[in-house]
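*Asks:* Taking the UniProt record's numbering, I'd label the letters of the sequence shown as residues 1 to 442.
Among these hints, one or two may not hold up.
Unchecked claim - Mimicking BS3-like on lysine-lysine, the simulated pairs with C-alpha atoms at most 25 Å apart in a straight line are: (1) Lys303 to Lys351; (2) Lys343 to Lys312; (3) Lys131 to Lys160; (4) Lys160 to Lys60; (5) Lys47 to Lys31; (6) Lys60 to Lys4; (7) Lys19 to Lys125; (8) Lys343 to Lys125; (9) Lys47 to Lys23; (10) Lys60 to Lys19; (11) Lys23 to Lys60; (12) Lys356 to Lys343; (13) Lys4 to Lys23; (14) Lys356 to Lys312; (15) Lys23 to Lys160.
What the hints assert, rightly or not - With beta-carbon atoms standing in for the labels, derived distance ranges: (16) Asn323 to Glu359: 27 to 35 Å; (17) Asp385 to Tyr248: 30 to 38 Å; (18) Met5 to Asn323: 46 to 54 Å; (19) Glu164 to Arg78: 15 to 23 Å; (20) Asn323 to Leu36: 48 to 56 Å; (21) Arg114 to Lys19: 27 to 35 Å; (22) Glu164 to Val51: 20 to 28 Å; (23) Glu164 to Ala251: 46 to 54 Å; (24) Gly24 to Gly406: 25 to 33 Å; (25) Pro39 to His147: 53 to 61 Å; (26) Pro336 to Ala285: 16 to 24 Å; (27) Met307 to Gly406: 31 to 39 Å.
Simulated from the structure, these hints should not be mistaken for lab results. Since the structure is predicted, the reported quantities are computational estimates derived from the model, not experimental observations. Every residue, glycine too, gets a C-beta built ideally from N, C-alpha and C.
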Amino acid sequence: MSIKMVACIAIEAISILEKMHPKGYVHGDIKPENFLLGPPGTPEEKKLFLVDLGLATRWKDSATGQHVEYDQRPDVFRGTVRYASVHAHLGRIASRRDDLESLAYTLVFLLSGRLPWQGFQGENKGFLVCKKKVATSPESLCCFCPHPFRQFVEYVVNLKFDEEPNYTKCISLFDGLVGQSPDIRPINTDGAQKFYIKLVHQVGQKRGPHMMEEANEQPKKKVRMGMPATQWISVYNARRPMKQRYHYNVADARIAQHIQKGNEDGLFVSSVASCTNLWALIMDAGTGFTTQVYELSPLFLHKEWIMEQWEKNYYITALAGANNSSSLVVMSRGTPYAQQSYKVSDSFPFKWINKKWKEGFFVTAMATAGTRWAVVMSRNAGFSDQVVELDFLYPSEGIHRRWDGGYPITATAATWDQAAHVKDKWAKNLYISSICYGRTVS
1 MSIKMVACIA IEAISILEKM HPKGYVHGDI KPENFLLGPP GTPEEKKLFL VDLGLATRWK
61 DSATGQHVEY DQRPDVFRGT VRYASVHAHL GRIASRRDDL ESLAYTLVFL LSGRLPWQGF
121 QGENKGFLVC KKKVATSPES LCCFCPHPFR QFVEYVVNLK FDEEPNYTKC ISLFDGLVGQ
181 SPDIRPINTD GAQKFYIKLV HQVGQKRGPH MMEEANEQPK KKVRMGMPAT QWISVYNARR
241 PMKQRYHYNV ADARIAQHIQ KGNEDGLFVS SVASCTNLWA LIMDAGTGFT TQVYELSPLF
301 LHKEWIMEQW EKNYYITALA GANNSSSLVV MSRGTPYAQQ SYKVSDSFPF KWINKKWKEG
361 FFVTAMATAG TRWAVVMSRN AGFSDQVVEL DFLYPSEGIH RRWDGGYPIT ATAATWDQAA
421 HVKDKWAKNL YISSICYGRT VS
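All chains, full assembly: derive it from the sequences and hints.
*Replies:* And the structure:
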């Protein structure tokens with residue numbers, strides 16, 4: 001399609017969403033097939049319509065009038081894979097930002113005829129498409145598009161869950177691409193005219209891309225840039241003063257030496273992690289464990305050894321996997337656990353976790369080796385409820401919302417692609433309770 005045609009679609013589509021969203025609903029399936037023009041030869045032949053509300057959901061609670069609460073269910077997907085927002089892929093509750101992100105992908109597709117994530121096939125198609133979306137920067141996605149399209153993508157992919165989009169500013173981005181005379185535009189933009197009046201009233205005759213820049217008086221940290229960094233992710237909990245020791249970049253041959261020395265000083269392993277086939281060990285005096293055993297195995301995980309230790313009343317209290325598929329499993333006595341189960345999977349096993357939650361188990365440890373996940377769940381873990389945050393980089397927004405809801409982090413793990421947190425500094429009596437190595441915001 002021509003630039004003018006797509007810009008007109010952008011203006012009218014944003015205007016339609018601006019009218020729909022105040023009703024308390026998000027469409028949930030924005031895509032080219034759901035935009036139609038009126039019947040030819042009628043006064044509405046150039047009018048844009050948005051159809052198919054089959055996946056529409058409420059973003060505003062009908063009882064309270066407030067924004068619905070944040071949640072994530074990684075096993076739930078609603079929408080069309082090609083155009084769905086990253087948040088929809090990850091199973092997060094839909095909000096206004098998701099309609100706008102899907103619209104951004106729709107506009108780029110109409111302009112260029114293709115999106116970078118087309119062509120994936122197989123059972124893990126959704127995972128691969130989501131991974132590609134996260135890895136594609138707005139600059140790369142819009143490399144052959146006029147600058148306003150890139151600005152629109154940058155804006156919508158960085159909206160927060162409950163943030164009200166600035167529809168007027170979004171429309172203003174495309175103002176300079178559609179021509180001055182509404183009569184010669186390929187699509188009727190009457191629905192957006194009130195925004196132009198409002199815009200002129202607010203900021204005079206200034207128009208176009210500058211409007212978005214003026215709206216951002218306090219620039220937000222951009223979390224979707226297509227270039228995630230990797231670093232250690234450490235979780236600290238407040239504790240009474242105690243002795244804690246950590247070792248990073250430990251080779252296989254030195255694990256026994258560090259653990260033995262820690263045991264002699266009254267310390268037990270509380271957390272382990274791996275990076276590039278080297279290990280990180282956290283040992284402290286506040287675990288409550290009485291005895292401890294561990295195994296460094298070329299397998300991820302060594303089932304026979306684990307079952308043998310279960311028979312001796314040892315329970316898994318820490319584990320980690322390396323890129324070469326080896327694993328370090330630590331099992332302890334003196335835990336409150338009454339029963340344990342674990343699963344190794346090629347993808348994050350949320351359906352299994354959900355099933356075990358219903359049986360009274362809670363996640364107590366997680367690890368990865370390459371792209372494989374291992375999740376340990378225990379009975380009598382001392383938790384009353386538990387949630388999961390899964391993302392392709394450190395899920396900062398989700399974690400902060402979980403903290404606000406009373407969920408501290410209780411387990412962490414990361415592959416090269418995804419980081420997961422299950423919610424539960426020495427200088428201020430803060431001690432490391434969980435560590436992993438994975439993707440963060442660049």
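*Asks:* For each hint, tell me whether it holds in the structure or not.
*Replies:* A quick look at each hint next to the structure:
For a cut-off of 25 Å, the pair hint linking Lys303 to Lys351 stands: about 21 Å separates their Cα positions. Taking the CA atoms of Lys343 and Lys312, the gap is about 20 Å. The hint holds against a cut of 25 Å. Pair hint Lys131 plus Lys160 holds up; C-alpha atoms about 20 Å apart against a cutoff of 25 Å. Note on Lys160 and Lys60: the hinted pairing holds, with a Cα-Cα distance of about 15 Å set against a maximum of 25 Å.
The suggested pairing of Lys47 with Lys31 holds, with an alpha-carbon distance near 17 Å, which does not exceed 25 Å. Of the pairs offered as hints, the one joining Lys60 and Lys4 is violated, with about 34 Å between alpha carbons and a cut-off of 25 Å exceeded. Using a Cα cut-off of 25 Å, the hinted pair Lys19 and Lys125 is violated, with the two alpha carbons roughly 34 Å apart. Taking the CA atoms of Lys343 and Lys125, the gap is near 23 Å; set against the 25 Å cutoff, the hint holds.
Of the supplied pair hints, the one linking Lys47 and Lys23 holds, its CA atoms being roughly 21 Å apart against a limit of 25 Å. Pair hint Lys60 plus Lys19 holds up; C-alpha atoms about 14 Å apart against a cutoff of 25 Å. For the given pair, Lys23 sits about 8 Å from Lys60 by alpha-carbon distance, which is consistent with the 25 Å threshold. Taken as a hint, the Lys356 and Lys343 pair is honoured in the structure, with Cα atoms around 11 Å apart against an allowance of 25 Å.
For a cut-off of 25 Å, the pair hint linking Lys4 to Lys23 is broken: about 30 Å separates their Cα positions. Proposed proximity of Lys356 and Lys312 is supported: the alpha carbons are some 23 Å apart, at most 25 Å. Proposed proximity of Lys23 and Lys160 is supported: the alpha carbons are some 20 Å apart, at most 25 Å. Checked against the given bound of 27 to 35 Å, the beta carbons of Asn323 and Glu359, roughly 33 Å apart, stay inside it.
The hinted window of 30 to 38 Å between Asp385 and Tyr248 holds, with their beta carbons roughly 33 Å apart. With their beta carbons about 48 Å apart, Met5 and Asn323 fall inside the hinted range of 46 to 54 Å. For Glu164 and Arg78, the Cβ-Cβ distance of about 22 Å falls inside the hinted range of 15 to 23 Å, so the restraint holds. At roughly 50 Å, the beta carbons of Asn323 and Leu36 sit within the given window of 48 to 56 Å.
In this structure the hint that Arg114 and Lys19 lie 27 to 35 Å apart at CB holds, the actual value being about 30 Å. The hint said 20 to 28 Å for the Cβ distance between Glu164 and Val51, and at roughly 25 Å that hint holds. Glu164 and Ala251 have their C-beta atoms about 52 Å apart, which keeps the hinted 46 to 54 Å range intact. Separated by about 27 Å at the C-beta atoms, Gly24 and Gly406 satisfy the suggested range of 25 to 33 Å.
Restraint check, Pro39 to His147: a C-beta distance of roughly 35 Å breaks the suggested window 53 to 61 Å. For Pro336 and Ala285, the hinted distance range of 16 to 24 Å is satisfied, since their beta carbons lie about 18 Å from each other. The hint said 31 to 39 Å for the Cβ distance between Met307 and Gly406, and at roughly 35 Å that hint holds.
Violated hints for the displayed structure, listed by number in ascending order: 6, 7, 13, 25.
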